[in-house]
Amino acid sequence: MIVCAALAVMLAIIIGVIALIVRVVKSGNTAASAHPVPPGWYPDTADARLIRWQDGHHWTEHMQSR
Numbered sequence: 001m002i003v004c005a006a007l008a009v010m011l012a013i014i015i016g017v018i019a020l021i022v023r024v025v026k027s028g029n030t031a032a033s034a035h036p037v038p039p040g041w042y043p044d045t046a047d048a049r050l051i052r053w054q055d056g057h058h059w060t061e062h063m064q065s066r
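Residue numbers (the UniProt record's numbering): 1 to 66.
Please keep in mind that the hints were generated in silico from the structure rather than gathered at the bench.
Do not rely on the hints blindly, as some may be mistaken.
Pairwise CB distance ranges (calculated) [as the list claims (entries may be wrong)]:
1) Ala8 <-> Pro39: 34 to 40 Å
2) His62 <-> Leu20: 41 to 47 Å
3) Cys4 <-> Pro36: 46 to 52 Å
4) Gln64 <-> Val25: 48 to 54 Å
5) Ile18 <-> Gly56: 31 to 37 Å
6) Gln64 <-> Pro38: 16 to 22 Å
7) Pro43 <-> Arg23: 35 to 41 Å
8) Trp53 <-> Ile13: 48 to 54 Å
9) Asp55 <-> Ile13: 43 to 49 Å
10) His58 <-> Ala8: 35 to 41 Å
11) Asp55 <-> Val22: 28 to 34 Å
12) Ile18 <-> Ala46: 53 to 59 Å
13) Val25 <-> Trp53: 42 to 48 Å
Since the structure is predicted, the reported quantities are computational estimates derived from the model, not experimental observations.
Every residue gets a Cβ at the ideal spot worked out from N, C-alpha and C, and that includes glycine.
Generate the whole structure from the sequences, applying the supplied hints.
Next comes the structure, spelled out in structure tokens:
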């Protein structure tokens, strides 16, 4: 009987830890995507004379003069 109760407590702890990990991972993803950069032309950090295209997900190789 004591062994059964100990196993139930262990199982509850394991399930709780897994739920906590899932919650932390999901909250990290929403925070990263909460402020996406809108597509558009932005100043190039490597050369102030240029602007670079941001497609909304990552920087592209497309550049032009300001």
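Distance restraint hint 35 to 41 Å, applied to the beta-carbon atoms of His58 and Ala8: Taking Cβ atoms as reference, His58 and Ala8 lie about 48 Å apart, which means the hint is violated.
Could you tell me whether the CB distance from Ile18 to Gly56 stays inside 31 to 37 Å? This hint holds: roughly 34 Å between Cβ atoms.
Check the following: the C-beta atoms of Gln64 and Val25 are separated by a distance inside 48 to 54 Å. violated, 39 Å
CB of Cys4 to CB of Pro36, is that within 46 to 52 Å? holds, 50 Å
Cβ separation of Gln64 and Pro38, checked against the hinted range 16 to 22 Å: The hint (16 to 22 Å, Cβ to Cβ) holds, given that Gln64 and Pro38 are roughly 18 Å apart.
Does the Cβ-Cβ separation between Val25 and Trp53 fall within 42 to 48 Å? violated, 31 Å
Tell me if the beta carbons of Trp53 and Ile13 are separated by a distance inside 48 to 54 Å. holds, 50 Å
That 53 to 59 Å hint for Ile18 and Ala46 (C-beta), does it hold up? With Cβ atoms ~44 Å apart, the hint is violated.
Starting from the range 28 to 34 Å, see whether the pair Asp55 and Val22 falls in it by beta-carbon distance. holds, 30 Å
Do the beta carbons of Ala8 and Pro39 sit within 34 to 40 Å of each other? violated, 53 Å
Assessment of proposed distance window 35 to 41 Å (beta carbons of Pro43, Arg23): holds, 38 Å
Taking 41 to 47 Å as the hint, is the beta-carbon distance of His62 and Leu20 inside that range? holds, 43 Å
When the structure is compared with the earlier hints, violations turn up for hints 1, 4, 10, 12 and 13 and for no others.
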